[in-house]
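Letter by letter, the chains look like this.
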Amino acid sequence: MTCDYPEIEDCLEAYADAELAPAERRGLEEHARGCPECRRRLALALALKAAVRRAPAPAMPPELAASLHARAQRLSRPPIWRVWLAGLRARRPAAYGLAAGFAAAAALLVVRLAQPETVTLPLDVLLAAHGDCVRAMPLAPEAAILSQLPGRWEGPR
Amino acid sequence: MRPRRAAQLAVVLAAALGVPARARWRRAPAPPDAMAALARAAAPEVSSYAGRLRVEVYGQGVSEPRELRVRFQAPDRYRREILDGDGRVVILIVSDGATEWIYDKSKGKVWEGEASGTGQRQFGSQDALELIRANYDAKVANGPKVARRKTWIVSLRSKADHKLKRRLWLDRKTGLILRSEEFLPDGSLSSSMAFSKIAFNRRQKEAAFRFKPPRGAVVVRRLEPDPVSLGQAKAASGMDPRLPAWLPPGYVFESLDVLPRGGRNIIHYRFSDGINVVSLFQCPPHVRLDLGPKAGQTVQLGSGPGVLEWTNEGEVLGWSSGADKFVLIGPIGSSDLERIADSIR
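Residue numbers (numbering that gives the first Met the number 0), protein chains in the order written: chain E, 0 to 156; chain G, 0 to 344.
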């Protein structure tokens, strides 16, 4: 005989696990009083639940236990590099300073590489530009020609 | 023999030889007005000339002479050959009026650029002469011959410190400067120039003002700064233009341009008193100034330490102020350079 109670299978399991809402539990119990099939299946679900609770827990395989234990140990330990730095700081402060210095220098190098390149400006280039102005003056002395001497001119822009 | 007796004898002899009376007594002509003479020197009346001259630059008690052969063809073509001790050309400078080439034989290199003086200044001759009139006492006198040419000597003495700054020997016929002397603020000679030979108005060969780079020579294009306004200089350089609040007496702002260098733009301000030029360079961050191998003198400025050096072009002062770097160049004393530097905010 089949029951037309909606979603009876899910309700029976949920009832056994005490997961039904109070109104749903009362509705199912009222239905079970009038439905021998559902009353029987409900009793079966409860009996099965009790039997599982009473059964002894199986023993964990030793390898699994050891693996889990080792993993737990690793997760609770600090990173090796932190352990090394702490040891270094305690035993060799100078070496620790050196390591910190290298790290700082590396960071600075990264920053510098990101900056625009420094351009060198020789004085001769400025003297050539100044000499141009001197030669352009109406009474410019011929001696100003000497500031034109090569070595003071730059190439293309 | 007494001068009076000698003069009497000369008259008698002249009469005996039939020399006209008027020619017996030649008085030296009166010198022209000083500013008129300078105006002629700024625009001499020559169509062409060829000659040889000697230039000397004096630095710390040592003179560095150079011989040059020069040719000129109006309005603006010239050829200058700088010679070595054996009379061979070591450096050649040629201009056809539009383009100037500088060829260094020892380096096998040619620098090509705009003809010298084109677009380099905002001062015309008249502006410069007005400044000279305001800043200098100019005196003219009869001068000795230079390269067998009669001259006027024009002396320019600063009104500010009454020191002689320039002396010019001008050709009486053309106004061309045949000899010149330039003086430092302390009165010592900075440089001098004198023609030893000169011939005027002989047609020069056109080929003398043309230049073709020799085979194998490396040709580079010279940097050409662009004359700009303050706003344009700011936009081009990324810097706020910083002008000095103080200048030596007689100096005024002449012009500025932007000098490109390695992707950076440097502002070049020029100041002049009509004769001399003071240059101020303002350099943006990430520009390292290389003031040469000579160790300069450290001076203390308001913004911090500066470096002072002497060059043939005058004293050079370099310093940093904020993120910008500055260089001053000019034939003025170090104290004036420092005062200019301290006035820049």
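Treat the hints with caution; some may be incorrect.
[Claimed, not checked] Here are the in silico distance ranges between beta carbons for each label pair:
id: 1; chain 1: E; residue 1: A102; chain 2: G; residue 2: G303; range: 52 to 60 Å
id: 2; chain 1: G; residue 1: K162; chain 2: E; residue 2: A105; range: 56 to 64 Å
id: 3; chain 1: G; residue 1: G262; chain 2: E; residue 2: A102; range: 26 to 34 Å
id: 4; chain 1: G; residue 1: K106; chain 2: E; residue 2: A102; range: 27 to 35 Å
Everything labelled a hint here was simulated from the structure, so no lab data went into it.
A virtual CB, placed ideally from N, CA and C, is assigned to each residue, including glycine.
These are the hints, each one checked on the structure:
{"no.": "1", "hint": "A102/E - G303/G: 52 to 60 Å", "in the structure": "32 Å, violated"}
{"no.": "2", "hint": "K162/G - A105/E: 56 to 64 Å", "in the structure": "60 Å, holds"}
{"no.": "3", "hint": "G262/G - A102/E: 26 to 34 Å", "in the structure": "32 Å, holds"}
{"no.": "4", "hint": "K106/G - A102/E: 27 to 35 Å", "in the structure": "47 Å, violated"}
The structure shown violates the earlier hints numbered 1 and 4.
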